[in-house]
Amino acid sequence: MAQLYTDGVLPGASAPRAGRATRLARRIAIAATIAVVGAGLAIAEPRVAAAHGPESVPDLAESLLDAVVNISTAQNVTAQRSVPRPQVPEGSPFQEFFDEFFNRQERSPDRPRRVQSLGSGFVLDGVEGIIVTNNHVIEGADEINVNFNDGTKLPAEVIGTDPKTDIAVLKVEPDAPLKAVSFGASEEMRVGEWVMAIGNPFGLGGTVTTGIVSARNRDINSGPYDNYLQTDASINRGNSGGPLFNAAGEVIGINTAIISPSGGSIGIGFAIPSSIATNVIAQLIEFGETRRGWLGVRIQEVTDEIAESLGMDAAEGALVAGITEGGPAEASGLEAGDVILEFNGQRVPEMRDLPRMVADTAVGEEVDVIVLRKGEEVTVQVTLGRLEEADVASADGTTPPGDEAPAATSMMGMTLAPMSDELRQQYSISEEVEGVVVTAVEEGSDAAEKRISAGDVVVEVAQEAVSTPADIRNRIEELKEDDRRLALLLISNAQGEVRFIPLPIEE
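Its first residue numbered 9, the sequence shown is counted upward by one per residue in this note's numbering.
These aren't lab readings, by the way, just hints derived from the structure by calculation.
Any given hint might turn out to be false.
What the hints assert, rightly or not - In silico DSS-like links for lysine-lysine, alpha-carbon gap of 27 Å or less: (1) K488 / K382; (2) K187 / K161; (3) K458 / K488; (4) K458 / K382.
What the hints assert, rightly or not - The calculated label-pair distances, taken between Cβ atoms and stated as ranges, are: (5) E63 / E309: 15 to 21 Å; (6) D67 / E358: 37 to 43 Å; (7) E514 / D312: 18 to 24 Å; (8) D312 / A502: 25 to 31 Å; (9) D312 / G231: 22 to 28 Å; (10) S453 / I228: 33 to 39 Å; (11) E373 / S453: 42 to 48 Å; (12) S230 / R394: 43 to 49 Å; (13) G148 / G272: 37 to 43 Å; (14) N482 / G372: 42 to 48 Å.
Quick caveat: nothing in here was measured; it's all calculated off a predicted structure.
The beta-carbon is built from N, C-alpha and C at its ideal position, and this holds for glycine as well.
Put together the whole structure using the sequences plus the hints.
Set out below in structure tokens:
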């Protein structure tokens, strides 16, 4: 089976921030803005020359090689010498032998060993000695050295790392200005355009390969902000952190992963686009860390069925499945069941686009969020918080069950009963969860196919809270009167984790 590979085996390091970094961060941000503006000017006319590559590949490669570096790291790892003690039958003649051997093993201290790793990188600022690579290349390293094309070797310190995008920024102290490269506009790249990768595959040193952009906006499930450029330019182990150039010699991607059954290149490589990298690198240089915007919602994909159940013409946007207590979304009035269609002036084509939009927005900025709420578009002003490493809370805010609980009933392939202390205990349902309990699911039904199971709780139907089976039936009848064929249910598990599920309405 093909697997996803990244280079580097050493875990995370941190180091002091570099001096004069704010000025460089500003230059990177300005360059990124100019590149994006330039992208907008070039879309109308196909860039034929760029698609076919530069006039001279050797000249371009020669001009870039000195700016690409090899990165070697080392780490002391404690070797685990002891092995598990086997179970020896009582009275065995080998008992004394095993006891002596394993007691000696347990008394012997574990011996550290030196583990080394190789990767690639590139010089972003030759005067300041700023170098960019992948986080996984230098993660956990005790020692980092940067090897240049002319044979120079310099120790490096870590300015900052961002595991979510797999980017790290290093600093060296050169005796003279280094050859540097600059970022180009990855958003301007079209599928089929020519690209060049330079790196350190298998520790062989500066190696040049060429290819094309095979695809854009690839999600390889490596993190929350996946938006990779895919290329067929040969990338192997050791290329991680190296640059992917366009025909003008600008860095439009940072090579970071491959898919391969053997660990070698089969023409499927991935690069972090410069549109994501520039903002992250600027923050790492200026602050030593990333400072991402935070909305405080848990979202899920808007499927065709969900779109139909909400009366939408097309499946787009991000469905709010939960609101974090005390977060920016709660303070602004966003609600579970809202579909975020537009964020800060940008349409949200798919669910996975929203986290990147929010993360790229400044902390504390007030933005307009357009949502679809009960069939109408509503604009909500949200002041973004700062994303921290915290769990996202589930949505709540349902109405309590009525005093008079009707008997259990069946509909839409489910047997439903009002919440009770007995059912709460039987299915270990959290005290915070309120709604109508699913006590059985008909085999082969749509509810079973959507993985609804006994012990789940129906919290809402069509964005209205329910507390009894009668509430659900009445809501279904209202949907029938509106000629709806699907009902959107908000389902909670016993722990309070919620998700939206569309089910066909029975005739």
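Structure-based check of all given hints:
1. K488 / K382: 16 Å, holds
2. K187 / K161: 14 Å, holds
3. K458 / K488: It holds: about 21 Å lies between the C-alpha atoms, which stays within 27 Å.
4. K458 / K382: 23 Å, holds
5. E63 / E309: 15 to 21 Å: 45 Å, violated
6. D67 / E358: 37 to 43 Å: For E358 against D67, whose Cβ atoms are near 41 Å apart, the range 37 to 43 Å holds.
7. E514 / D312: 18 to 24 Å: Given range 18 to 24 Å: holds, Cβ gap about 20 Å.
8. D312 / A502: 25 to 31 Å: 29 Å, holds
9. D312 / G231: 22 to 28 Å: 27 Å, holds
10. S453 / I228: 33 to 39 Å: Taking Cβ atoms as reference, S453 and I228 lie about 35 Å apart, which means the hint holds.
11. E373 / S453: 42 to 48 Å: 46 Å, holds
12. S230 / R394: 43 to 49 Å: 23 Å, violated
13. G148 / G272: 37 to 43 Å: Violated: the Cβ-Cβ distance is about 25 Å, outside 37 to 43 Å.
14. N482 / G372: 42 to 48 Å: 44 Å, holds
The structure fails to meet hints 5, 12 and 13 from the earlier list, while all remaining hints are met.
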